Structures are given as structure tokens and as C-alpha cells.
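Since the structure of chain A is provided, determine the placement of chains B and C on it from the hints.
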Amino acid sequence: MTADQRKHLAVLAAIWAALLFAPYWMPFFGGYTALGSRVLVLGLGAMSVNFLLGFTGVLSFGHAAWFGLGAYACGLTLKHIALSTPLGLLAGTLVGGVAGALLGALLVRRRGIYFAMVTIAFGQVFYYIAFQWLSLTGGDDGLRGFARQPLDFGLFQIDLLHNDIYFYYFVLFCFAVAVGLMAFILGSPFGRTMIAIRENERRARFLGIPVELHIWIAFALSCFFMAFAGSLYALVNNFADPRMLHYSLSGDFVIMAVMGGMRTFWGPLLGAIVFVVLQDYISSVTVNWMSFIGLLIVLIVLFFPRGFLGMLRPRRTA
Amino acid sequence: MSALEVEHLTKRFGSLVAVHDISLTVEPGELRAVIGPNGAGKTTLFNLVSGFFAPSAGSILFDGADITGVPAHRRVGLGMARTFQITEIFPELTVFENIRIVAEVAAGYRLRPWLNRSEKAELRGRIDETLALAALSGKADRVVGELAHGDQRVAEIAMALALKPNLLLLDEPTAGMGDQETYEITQLIRRLHKAGKLTIILIEHDMRVVFHLADRITVLDQGRLLAEGTPQEIAANAAVQTAYLGQAA
Amino acid sequence: MLELIFFNITNGLIVGAFYALMAIGLSLILNLSGVINFAHGGFLVIGGYLAYVLTPYIGFWGALIVSPFLTAIIGVAVEWLLIRRLYGRDPLYSLLLTFGLAFIIEDGTRQIWGANGLPVSVPPALMSALSSRFFFITGYRMFMVATVAIVVVLLFVLLRHTRVGVRIRAGTLDLETVAALGINVRALRSFNFAVGIFLAGLAGVLAGGQLGLEPTMGDGLLMPSFIAIIVGGVGSLTGTLVGGLLIGVAAGLTAVVFPSASDAVMYVIMAIVLLVRPRGLFGEEGMLT
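Protein chains in written order, with the working numbering: chain A, 19 to 336; chain B, 28 to 276; chain C, 298 to 586.
Same shape as in the complex, but just chain A (with noise of 0.2 Å):
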């Protein structure tokens, strides 16, 4: 083993070992539980955009679509389906994952500023929709009347609902479950065209990779990841409402990915955890938060475009 291999273990080991005893460290520093499941499902909503920002190099700047259809679609499974919590996230996955599969392939030949321009848009068709159906999703006041349910292995149940530590490790485990694969996808041949494309598409193109093709499953990829955390983070409000949709929010995830360090694979983790908590406290003492929030974007983009992790490790990737 190379001394950078053990550095790399070392610090894997330390992520997850943090996460595993947040509920217990968390509290000396002001935090709380809940707040703490709400920073991983943030943070893997972040890690998703960056999945394709940071590591295919292309931008959509509407990715709160896919996160929101998870929401309500994991919702309203939980309120007019099925009250289980696995049957919410899985519908919720599947249907923000595919809707964005299908809506990729109609942007997937569109490059850079456009492409951004093309998704900003195309979510907010799905904004308008969770914003004007009544009926169904309950326009702005948002989608109520559905709880996670307790986890029902036969023997015994786990219940999610009044525990709140019992549901912060549900969340860890989703978490996990989501960044292994993602981190497993990206290690692979498949990942590495990936990463070729964001470094020189012209050569990607050249070497044989159908560019757009890999785009498209990488976009679809991402979609899926982001309907994910959108359907859990259903769970964590039990509530979902049309701001989860909105640009603002597809904004939100790319100035963590940005903050935290697009090129890495942590970054957006750690830009989650900063963002979420600076906007909880912040929108607690002052009203003029949105202020302070637009002053952190522009500080980042003006003087940390590398993101926090990006400086510390000059120029090196994968």
C-alpha cells in the first residue's frame, strides 16, 4: 500500500466516522438531529448535480426538477398507495429518475451555457405543474398528510417517525448506499469516459466514445441519484412543496457543489454541510438573509472558485 493510498483510507475512514457519531458530536456544536439528516440528504442532492458537473463537466442548472418529482412522487405513494417508506423511495426514484432520463435525451446534444439554459427551463415546467395541479399536489401550500412509516422487518419495526436518531441512520444508510454507487460507478470504464469527456471531449469523441450517448447515461444517471435524495428528503419534512422544484433550489446544489469543490468527490458533502448550516443560522437572526446568502455566492465565485477541497489539493483529480 502507497503512503497516498493509506492518506486516502484515512481520511474515508474519518468521513464516515464523523457521519456515524453526528448525532452524539453534533449538539456541542448547536446541531441537531433532524438538522443533521437534512444536510445528508442536501449533501447527497449536491453530490448528484456533481456527478455530472464536476465529473462528465456539464452543467444543468435544473436539476431541483428531479429532486422535487422524487419528493411528491415518494409522497404521494406514502399518502394514496402504500404506506411503506422503501415503496415511497423507490417510486420516487424511479419516477424523478426517468422523467429525467427521457427529458435528457431531448437536451442531450445542447453544450454548455445552452445546455444549462435548456434544463433551467425544461425544470421549470415541472415547478409549474407542482405549483398549479390542486388536486393533486396541492399548489403552493405544498403536499401534506403523509408521514415515513416505521421500517417493518417482520420480527420487530424500527419505528422513523418519533425517533429521530433512528431516522437520521435510515438516512446515513440511503446515503451510504447512494455515494458507494456512485463512487463505484465513477472508479469504473464506464466512469472514466466520463471523466474523458469533461478533460477533452474532442479527443473522448475522437478516441471512439460516442460523446452523447455517454452524456445522456450520465445525465439519466444523475437524475436518478437526485430523485433519490428528493424522495428522502420527502421523508425528512414529510412535506413536499413546489420550492423543491424551483431553479432557485437547482442554484442552491450547484453553489455547494461549487463551494465545497466540484472536481472532488467529497466536496459537495462538505459544501452542503457549510451552505445548510450558515443558511439555518443566518435566516435566524436576520431577515436580510437572501443578502447575505447572495454575498456568499459572490464571494465564492469571485475568490474560492476552486471550491474549499479543490484548494487544498492543487490539481489533481479522480
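The hints are simulated quantities; they were obtained by calculation from the structure and are not laboratory data.
One thing to keep in mind: the hints can contain errors.
Which bits of chain C does chain A cover? Going by a derived footprint, with three or more residues having C-beta under 8 Å, they are [claimed, not checked]: (1) 315-326; (2) 403-417; (3) 518-524; (4) 557-571.
Here are the simulated lysine to aspartate or glutamate pairs, DMTMM-like style, with alpha carbons at most 25 Å apart [to be verified]: (5) B/Lys-221 x B/Glu-57; (6) B/Lys-191 x B/Asp-206; (7) A/Lys-25 x B/Glu-173; (8) B/Lys-191 x A/Glu-219; (9) B/Lys-166 x A/Asp-22; (10) B/Lys-166 x B/Asp-90; (11) B/Lys-224 x B/Asp-93; (12) B/Lys-221 x B/Asp-206; (13) A/Lys-97 x A/Asp-182; (14) B/Lys-147 x B/Glu-119; (15) A/Lys-97 x A/Asp-158; (16) B/Lys-224 x B/Glu-156; (17) A/Lys-25 x B/Glu-119; (18) B/Lys-166 x B/Glu-208; (19) A/Lys-25 x B/Asp-168; (20) B/Lys-221 x B/Asp-242; (21) B/Lys-221 x B/Glu-32; (22) B/Lys-147 x A/Asp-22.
Source: prediction; values computed, not measured.
Just so it is clear, CB atoms sit at the ideal spot from N, CA and C, and this is done for glycine as well.
This is chains B and C only, laid out in the frame that chain A set:
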């Protein structure tokens, strides 16, 4: 059977004729240099052969098969690899990673979620072999974008080699290099040429390199074929003297 | 029924003219600088509120002219201080920067002028209906459409027949060549940015007169402007103009049959255009892909 046969190839861009009715034949294992002043149509010829542009007229035969209508990325699969005038690499990855991507795609693994043990071992062997051939083994873990310009060009050639081509097209491999780097690239090309059945076509401005390496030389001028022959014949050719060598001197 | 259709088409044209005014400003900046200006709605709000402040002193007509100029000056200041640093970098960064700016502008206006709606007082002469039969065509609505028409014509004249306009168009197609010709690209971009923001400011004044002012008013106009650009084809100002009018009229017509779907129709149009003509109605191969 010839490695490459180009017949009456023409490429027009609007009213500009970049390549005008060029025919040439390259034999297997040959090292052919293509020279000519700027704007002679050398790179356009490369782009036609490698499938970047479709020709306006004429045909291209590769190993005896007509590939005129075959798209660029499929020509790669048929055993044709090229480098570019401007270095085309994956700059933020290491030399090893650059070559690994090429090797994986060339082996048809691009959509694979994982590789089994023997596939991994075979791939590893191919990468190591390529690194050794290009004398890059010592720099395998360096980020390509941070290498010296000459080493980047070598890395790019190594990427092309990882495709295991039969025909290698090199577009000005020594462009922008100092004497030492030019010497090293020349040695590399000579090694590749000596090592096996690889057919190489080389666009080059540096006449020392051309006359040192080439089996035969093709001279283009203003999109037309001006002359073709051994280095000795070309050096003695009066038309070439006036059109090109005279200028350069 | 006929009157209803006429009403909605007129309404759609007015709305469409509005979208076009916003979208052309956005498009100018996008084409030359490669910046998706998320703060464009914010500049519209600034234009509107400046008019609110200025009207008591210089009247509506004065504000109509002065306020867009002031907005453009603020815009250029922002371009100089912030956006200029990001040219040549990944477009992601300018997009995020203007995204953050939009937050600051919205919150800032709310802080200064409050969250509640404010009116821009319009001369009474403009507010009367033109005829009792077509009661809905107030003088102000006609005036809005006329203003947009005049400004758009002036802009197209500027772009086609003045030196700076020709440079902007050339820069849109091939900025490197323009720079190689020794033209000051920085100044060109600043000027172009100012023109775009001027249009946003003007849209703000006009909107304020019709709908009143709110800190969030720019947000609702931003998305239709994006869609106008996509439908018309990125890179083509004519396309943007047509796209804006098209989605406005389509929304107006849909309102006759199915009022609640009138906003949805622009998304439908966008989807159809992208399926049938991926580059947009007036987009050309190779433009800003």
C-alpha cells in the same frame, strides 16, 4: 495490399480548394513524410484520411477496404490512430490515466461497470507496454497537463499507440520543440518504425527530421501533389527546390 | 367571442412585446459575453423602483428616460467590478455570480422599499380607454407596445448601421477575430452590457406603470425571457424577438380556451421547437452550442 490508398482526393471549402485531386499509396510498414509550405493542404489531407471531414470527391482505401464514408471514431476501431497539431490530451489526468482510458475504450470496455481479473491484467499489460514503448514509465504518475511540452507530445503519441493501430498519423509531432526534445521524439518515431509492422504517416516542418526518418516523402503545394520519392530524389527535385526548400533555406 | 379573442390576442401581443424586451437584453449579453444574466430580472426591478423614486421630481416622462439610463450605469458598474473578472472562465461562474446578485438585489429592494406593492404614477391621459367597445385597450397599453416597438427598431438600426453595432454583431459570431482586429473587446462588452441592462430598466418602468412594483416582479419575467431565447434560437436577436411575441400571443390565445393552461403553453412550444428544430427557429448551425 497497400496500407493506405488515396485516389483522386479533393476537398473544397466553398471556393477554396484545400486538397486538389491527390492520389498516393503508402505500403505497410512504410514511414511516409508529408511536407509542404503552410496552406499546402497537409492537415486537410490528414483530416480526410482520419475521417474528420468528408471529401468532396475521391476515395480512401485502408487495408484494401473502402472507408471513404466511415465516420472518424469507427476508423479508430479499424486500426487508424492520429495525433493533432495542437496537443489533444486529458490535461488533469496522469499519464497512466490518460493511457488507461484509451486502452479501455480500444478494448471495447467503455460501457462496462467493472472488469474481471484477467481483463484487468491484460489491460495493465497493454498500458505498461505502451508506457515502456514511449519511454514514459518513469512519468506514469505525473499529471499530463504539468509535463513539459515535449513530454505532452510523447504522451499524446503514447495515447495513439494504446489504440494498437496499424496506421499512425502524426501531425507535426515536433512543433514548438527545442533541439533536445525534437531529438527525443525523432528517436521515439524511429523506434516505433523499427519495432514492427506499424505504418506511419508524418506531417513535419523540420527537414532534418524528415530526411532522417522518412522512407518516402510526399510534397504538397497549394493543395496539389507536387512530387513524391525517396529523400534523395526529393532533395534533387528542382520543382520542390523552388516551391519549398528554396523558401525554407 | 370575437371580441374575447381580439382581447386576448392584443393582450398576448402586449405581454409578448414585454417578454421580447427583456429577452433581447438578455440575449445581447449572452451572445457577446457568454453570460446567462440571472440578475436581469433584478435590473428590471431596479429600473422600476428608480422610476418610482424619480417620478415625483421629473414626472413619468422624465423617469421613463432617466431611469433606464441610471439602471444601465449601475449595470456597467456591476460588470466592471464583478462580471468582467469572469470572462474567459467557465460560464458556470458568471451564471452563479448573477444568481447570487439576483438574491442581493431582490432583498435590497425589499429592505429599502418594503415587500408590499408600490405604484408608478402614470399620466392620466395614458390611462383612458381608446374606445368604449374595446375598453381593454387603454392608451397605456398601446403606449407600451409602441415604446417597445420603437426601442427594438432603434436597437436593430444601431446594430446594423453604426460602427459599434456592427462590431457587436461581429463579436457575437467570432470574438477572437474581432479582438485580433485591434478592437477593444472589453469596452465593447461593457457597452453591450449597458444596452442590455438599459432594456431591462426600461421594461421595469413600463411594467411598473401597468402592474405596480414588487421586489419579486423580475423573477416571473425571467423564465419567459429564457424561453423566448431558446424558442427563437440562441445567437439570433430576430429569433428572440419573434420568440417573445410568439409565446406571448400563444399564451393569450390559450387563455380564450383554457385559461389555466395559458402559462403552460410556452413550455409546450419550447418542447416542440426543441424536438423539431433543436437550434431554435432562427438559430444557425455552429452558434454557441
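Now for the hints, and whether the structure bears them out:
{"no.": "1", "hint": "315-326", "verdict": "violated (count 0)"}
{"no.": "2", "hint": "403-417", "verdict": "holds (count 4)"}
{"no.": "3", "hint": "518-524", "verdict": "holds (count 3)"}
{"no.": "4", "hint": "557-571", "verdict": "holds (count 7)"}
{"no.": "5", "hint": "B/Lys-221 x B/Glu-57", "verdict": "holds, 10 Å"}
{"no.": "6", "hint": "B/Lys-191 x B/Asp-206", "verdict": "violated, 29 Å"}
{"no.": "7", "hint": "A/Lys-25 x B/Glu-173", "verdict": "holds, 23 Å"}
{"no.": "8", "hint": "B/Lys-191 x A/Glu-219", "verdict": "holds, 21 Å"}
{"no.": "9", "hint": "B/Lys-166 x A/Asp-22", "verdict": "holds, 17 Å"}
{"no.": "10", "hint": "B/Lys-166 x B/Asp-90", "verdict": "violated, 35 Å"}
{"no.": "11", "hint": "B/Lys-224 x B/Asp-93", "verdict": "holds, 21 Å"}
{"no.": "12", "hint": "B/Lys-221 x B/Asp-206", "verdict": "holds, 22 Å"}
{"no.": "13", "hint": "A/Lys-97 x A/Asp-182", "verdict": "holds, 21 Å"}
{"no.": "14", "hint": "B/Lys-147 x B/Glu-119", "verdict": "holds, 23 Å"}
{"no.": "15", "hint": "A/Lys-97 x A/Asp-158", "verdict": "holds, 18 Å"}
{"no.": "16", "hint": "B/Lys-224 x B/Glu-156", "verdict": "holds, 16 Å"}
{"no.": "17", "hint": "A/Lys-25 x B/Glu-119", "verdict": "holds, 21 Å"}
{"no.": "18", "hint": "B/Lys-166 x B/Glu-208", "verdict": "holds, 16 Å"}
{"no.": "19", "hint": "A/Lys-25 x B/Asp-168", "verdict": "holds, 17 Å"}
{"no.": "20", "hint": "B/Lys-221 x B/Asp-242", "verdict": "holds, 12 Å"}
{"no.": "21", "hint": "B/Lys-221 x B/Glu-32", "verdict": "holds, 22 Å"}
{"no.": "22", "hint": "B/Lys-147 x A/Asp-22", "verdict": "holds, 21 Å"}
Of the hints listed earlier, those the structure fails to meet are numbers 1, 6 and 10, in rising order.
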